[in-house]
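Peer 1: Using the sequences and the hints, build the whole thing.
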Amino acid sequence: MAIVYKKPSTLTDATLSYCPGCTHGIIQKLVAETIEELGIDGITIGVAPVGCSVTAYDYYTCDMVQAAHGRAPAVATGLKRSLPDNVVFTYQGDGDLAAIGTAETVHAATRGENITVIFVNNAIYGMTGGQMAPTTLPGQVTQTTPYGRDPKVAGWPVHVCEMLATLDGPAYLERVTVCDIPNIRKAKAAIKKAFQAQLAGKGFSMVEVVSTCPTNWGLTPVEALDWLKDNMLPYYPLGVYKDKTGEGEN
Amino acid sequence: MKGNEALAEAAIRAGCRHYFGYPITPQTEIAAYMAKRMPKVGGTFLQAESEVAAINMVLGAAAAGVRAMTSSSSPGISLKSEGISYIAACDLPCLIVDVMRGGPGLGGIQPSQADYWQVTRGLGHGDKQLLVFAPSTVQEMVDTVFNAYHKADTYRIPAVILADGMLGQMMEPVSFPDEDKAEAIEKPWATNGHKGKRTHNIVNSLLLKPEQLEQTVFERAKRYEQVKQNEQLWEEYRMEDATLAVVAYGASARIAMNAIDAARESGLQVGLIRPISLWPFPEKAIEAAAGKVQGFLCVEMSMGQMIEDVRLVVSGRKPVAFYGRTGGIIPTPDEVLCEIKKLMGGER
Chain A
9 MAIVYKKPST
19 LTDATLSYCP
29 GCTHGIIQKL
39 VAETIEELGI
49 DGITIGVAPV
59 GCSVTAYDYY
69 TCDMVQAAHG
79 RAPAVATGLK
89 RSLPDNVVFT
99 YQGDGDLAAI
109 GTAETVHAAT
119 RGENITVIFV
129 NNAIYGMTGG
139 QMAPTTLPGQ
149 VTQTTPYGRD
159 PKVAGWPVHV
169 CEMLATLDGP
179 AYLERVTVCD
189 IPNIRKAKAA
199 IKKAFQAQLA
209 GKGFSMVEVV
219 STCPTNWGLT
229 PVEALDWLKD
239 NMLPYYPLGV
249 YKDKTGEGEN
Chain B
5 MKGNEALAEA
15 AIRAGCRHYF
25 GYPITPQTEI
35 AAYMAKRMPK
45 VGGTFLQAES
55 EVAAINMVLG
65 AAAAGVRAMT
75 SSSSPGISLK
85 SEGISYIAAC
95 DLPCLIVDVM
105 RGGPGLGGIQ
115 PSQADYWQVT
125 RGLGHGDKQL
135 LVFAPSTVQE
145 MVDTVFNAYH
155 KADTYRIPAV
165 ILADGMLGQM
175 MEPVSFPDED
185 KAEAIEKPWA
195 TNGHKGKRTH
205 NIVNSLLLKP
215 EQLEQTVFER
225 AKRYEQVKQN
235 EQLWEEYRME
245 DATLAVVAYG
255 ASARIAMNAI
265 DAARESGLQV
275 GLIRPISLWP
285 FPEKAIEAAA
295 GKVQGFLCVE
305 MSMGQMIEDV
315 RLVVSGRKPV
325 AFYGRTGGII
335 PTPDEVLCEI
345 KKLMGGER
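Protein chains in written order, with this note's numbering: chain A, 9 to 258; chain B, 5 to 352.
Since the hints were derived computationally from the structure, they do not count as laboratory data. Just to be clear, a hint being listed does not mean it is correct.
Straight-line Cα separation of at most 27 Å, BS3-like style, residue types lysine-lysine; simulated pairs [to be verified]:
(1) A/K201 / B/K199
(2) A/K14 / B/K213
(3) B/K232 / B/K322
(4) B/K199 / A/K37
(5) A/K15 / A/K194
(6) A/K201 / A/K15
(7) A/K15 / B/K201
(8) B/K232 / B/K288
(9) A/K37 / B/K201
(10) B/K232 / B/K132
(11) B/K191 / B/K232
(12) B/K213 / B/K226
(13) A/K14 / A/K200
(14) B/K201 / B/K213
(15) A/K200 / A/K160
(16) A/K14 / B/K199
(17) B/K155 / B/K232
(18) B/K346 / B/K296
(19) A/K200 / B/K201
(20) A/K15 / A/K37
(21) B/K226 / B/K155
(22) A/K201 / A/K160
(23) B/K199 / A/K15
(24) B/K132 / B/K155
(25) A/K252 / A/K194
(26) A/K160 / A/K237
(27) A/K200 / B/K199
One-sided and incomplete, this derived list gives chain B residues near chain A with beta-carbon spacing under 8 Å [as the list claims (entries may be wrong)]:
(28) F24
(29) E53
(30) A57
(31) G64
(32) A65
(33) V70
(34) A72
(35) S82
(36) S85
(37) T195
Footprint (simulated), chain A over chain B, 3 or more residues, beta carbon under 8 Å [to be verified]:
(38) 205 to 218
(39) 295 to 301
None of the values given here were measured: they were computed from a predicted structure. Here a beta-carbon is modelled for each residue, glycine too, at the ideal position from N, C-alpha and C.
Peer 2: Here you go:
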């Protein structure tokens, strides 16, 4: 019998800790496929965040470091500066990357730190049970915005790609989603391009993946995908926000 | 050579090629020196966006298996406490330098020793310890750097050098040990890419199962016990026939020595115990003295912090007195002499 599909060799056999319908599994697999296809498992070091994907260090076969909440880009900086010929990536959620770790994110980007950041934006804190995230939409109900996020009280969401695109440091910034097959394919291409940018020494690359949290959104997995398309994508438009990967020799 | 610069040069000679820091007085000479020297020796100097980022960069570099370093002063060290707890929990060796200034809060920028509790007790959450060294001369700053890296690598415990603005700014002649004296220790646990030759390494401090976390803390505590047995460092001065033991470290010890010499001229039998390692605290020295002297006098540039460790060992057997100045005031030898005379019943 012909094998038509298999798990990438760069994922361990550990059981994933994610809820049914959560898109973390898809995104982590896309990263693992990229590492496999580029043949870089032996030289890659991943940095896991604090949040639902905190145990990512158990899922990848490459070397892994688990960072404090929001500090993954700083930890990745220390790794990359010590091991410039290795590949270093972080995998972070919205609370980690755009709230408690905003300074680390912005400054790694503006330094043009030659690392790759995979940013999973599902507009909520999943691990702690569904509190408001920096990317929670206006009006969105969460545990800490029980009457819906009121920007007059809780402030406005952060548009990370748009914000980082104002800086000179980043080489590549793209926002993708994994809500259907065509978009999963695009997400894969973006993640691969981000890793290739690092391999070519182009500098900071980040892929923001608009994602779901059925459990804390209080929706079924299918409803969550529809909610993402109807509410998240208009607010967080997909596309390339910066691409200097084709520029000059580095 | 200035204390801060001597310390920086010593770190480079001990094999440190990765420095991450954030500007704060009175230790900026270390960063400035590193900024100048690191590019010449193929190393990395990086001015981070914050103390928090700097210590996490040290975590990343230490995980990669290199000798990394950061330096700061009291309020900046407070900010690093999160990262230091993680570094200790990940069993990563590194060097952290605290050139103390007066506190609390923004405090002042003059020399102080009010970080004793912060560094020996409070630097980060959880059951953990740090190796803490307190040099008292510029030469000792240099020697301590080599020792601190060596012990940190040996025991996989982060090391802190606790200095103060006075030592950092002081000029004294120094000689540097040979670079090959910096012994390389294998780091098979480093996350530097498995290259297909081993299974993946994980540097992690999350242990969700209580039994597993307790066991890990127990194992680390065994290592701490070894350190307490083997690594207590101190120096004694004129203690042979002393009936009063002054206990002081760092800059305070230098002042105390002058006071002791003057007291000896008046025929007072007083000596000095100078802790060099603050953790492990030199309990052996205090224990031995407790059986011989009639009392202790702790001299610190704080409201009295190290004195708690002295009292723990003395355990009520002998009186333990205190003299300190704080807020950036350096006590004079005369003040200390006056205190010695008060305790020993001599003329004032």
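Peer 1: Broken hints, numbered, in rising order?
Peer 2: 2, 14, 15, 22, 35, 36, 39
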